[in-house]
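**Q** Taken in order, these protein sequences are the chains called A and B. Just so it is clear: in the first sequence, position 166 is 166 by this note's numbering, and no numbers are missing. Just so it is clear: in the second sequence, position 179 is 179 by this note's numbering, and no numbers are missing.
Please note that the accuracy of each hint is not assured.
Claimed, not checked - Per the computed footprint, the stretches of chain A lying under chain B, defined by three or more beta-carbons under 8 Å from a beta-carbon of chain B, are: (1) 168-178; (2) 206-220.
To be verified - BS3-like mimics (lysine-lysine), calculated; alpha carbons at most 27 Å apart, straight line: (3) B:81 with A:88; (4) B:192 with A:164; (5) A:82 with A:99; (6) A:164 with B:81; (7) A:262 with A:306; (8) A:262 with B:192; (9) A:262 with A:230; (10) A:221 with A:269.
These are calculated hints, taken from the structure and not from any lab test. Built from N, CA and C at the ideal position, the CB exists for glycine as well.
What follows is the residue order along each chain.
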Amino acid sequence: MNHTEIIERVARLEPVESIPFALLSSGAWAINRNGVTLEQALKLQPQVMADWLYEGYTLVDSDISWVGSGYNNIVVKAVGGKIKWRRKGTPDVSEPLFKSADEVDKLDPREIVKDPDIRVIYEVTRLLVEKEKGQRLVGGSMWGPFTLSGLLFGADALMRSIYKNREAVDKLMRFSEELYLAYMQGYIDAGARVIFMAEPSASGDMISRKHFQEVVVPYIKDIYRRLSGKGLILGLHICGNTHDLLDLIAESGAQIMSLDYKVDLDIAKEAFAGKIAFSGNLNPVNVVQNGTEEEIRRETLACIEKIGTNSGYIVMPGCDIPPSTPLENLQTISRTVRTYKN
Amino acid sequence: MSEENTLYQKLSDAVVNMDEDAVVDLSHEVVEKKFDAYTAIDKGLANGMERAGELFEEQEYFVPELIVCADAMYAGLDILKPHIKTASDGKKYTIVIGVIEGDTHDIGKNLVKIMLETAGFNVIDLGRDVLPSDFVDNAVAHNADVIAISTLMTTTMAGMAEVIDILNQRGLPTKFKVIVGGGPISQAFANKIGAAGYSPNAAEAVRLVRGLLA
């Protein structure tokens with residue numbers, strides 16, 4: 001079974017011979033390790049980035065390779081926002097773009113596909129898909145509508161508006177939904193088939209279950225509905241504590257839920273059994289980046305032994321990994337997974 | 001309960017209930033009845049924020065709730081502050097706070113700032129993406145007592161250690177209490193870099209600072 005088949009089967013909750021392992025995103029890691037910043041990488045020939053991504057995910061034996069990872073905030077730049085590139089790691093949004101939700105009326109989300117940097121990423125996607133020759137699925141990810149709205153409007157302002165101006169929130173969410181779909185369509189057209197959404201702002205560390213249900217769920221459900229039936233594997237990642245949201249996530253339309261280290265895998269397994277696949281949840285800093293070989297092995301085995309095999313489960317770090325994570329640590333995880341005997 | 005204390009209780013309740021209109025009306029009432037503005041802030045507004053902070057710790061309140069409680073609290077503060085007769089008894093401590101260089105996530109830092117200000121501390125907010133040297137320069141310039149550093153990202157944690165290094169290099173190892181917080185931060189990390197303290201959330205930050213300055 002090649003990487004593609006394993007992931008396809010897990011997403012359909014079908015039995016697999018061995019436990020899948022994949023990195024989550026980790027584009028900054030894959031690119032920075034070549035001594036180049038994310039900003040510089042966009043200026044190189046797209047084949048160079050495609051080769052680096054292929055090499056990184058192959059060296060760690062990841063069952064999914066990712067493209068565009070680390071570049072999420074490029075979408076904010078594409079609609080006119082300001083981002084700041086970093087020597088290492090991912091660019092930040094410098095300041096909110098909108099003072100009022102009504103400003104979205106002036107913008108057409110579909111225009112972002114003309115952004116030169118986004119076009120490079122789509123080209124890299126095409127080249128990476130070509131290189132994978134169907135053996136491994138290529139994944140793309142972008143902020144979901146709630147997180148995007150926070151970046152465009154200001155996170156504090158968005159949170160406040162949940163109470164004081166719900167109409168503004170809906171307006172921003174509708175716009176951000178279109179932005180997400182317009183951006184991801186380029187990946188889909190280029191051959192990426194694993195399509196993820198990252199919603200850190202919607203975590204149980206940020207908003208209540210009530211607001212998650214009222215404000216976030218309708219839009220992520222709509223996105224997954226619009227992406228269904230295209231032969232894609234749809235995923236969701238929410239950082240932090242999502243214990244209270246698992247049942248809602250199981251009904252959202254996501255096929256894979258990527259869980260962070262704060263979530264108890266036993267509880268997740270019970271909530272998701274027979275409904276959706278899930279992944280996680282090694283602590284990216286304490287274990288994956290800083291752990292000893294023994295610690296990493298132990299934590300990886302703990303995950304596997306909690307879930308068992310054939311449970312729609314993929315071993316993954318709980319979140320994106322720091323760019324300076326040692327390659328050996330990631331190989332320890334994959335080696336532990338690949339050599340596991342029931 | 002006396003009329004005065006009833007009013008303060010109502011003020012506190014109004015903050016917890018995110019009722020800005022009630023906070024404004026009650027604050028005006030404090031002024032009209034010539035009750036002590038500082039006590040109203042302390043027992044009313046600050047008490048309400050403290051209760052909101054506890055609800056946040058208990059995961060009953062979340063970020064939107066704390067922000068709207070804070071809006072109500074600040075609305076009351078605007079009315080009562082001009083009527084404070086005496087400066088708070090004892091020294092007013094100063095805290096320099098910011099999000100470390102390379103990071104722009106500031107909701108957590110803003111919540112800590114709100115809680116510290118409500119508790120009576122003078123807070124100098126350096127904003128986000130703050131150079132380690134700027135933390136030190138501002139702490140010196142403002143004669144601060146505490147430097148509070150926040151980050152949400154693992155890639156920027158090292159900047160916190162750099163602040164402490166700079167303090168040591170400038171011969172100021174114990175002049176300021178350096179406290180750290182944020183998603184990837186832990187007590188273990190604080191110990192490792194030689195910080196004076198770590199707080200897992202905004203409400204706890206106030207207790208931490210009070211404890212360090214006692």
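**Q** Which hints, by number, does the structure contradict?
**A** The structure conflicts with hints 1, 3, 4, 9, although it agrees with all the remaining ones.
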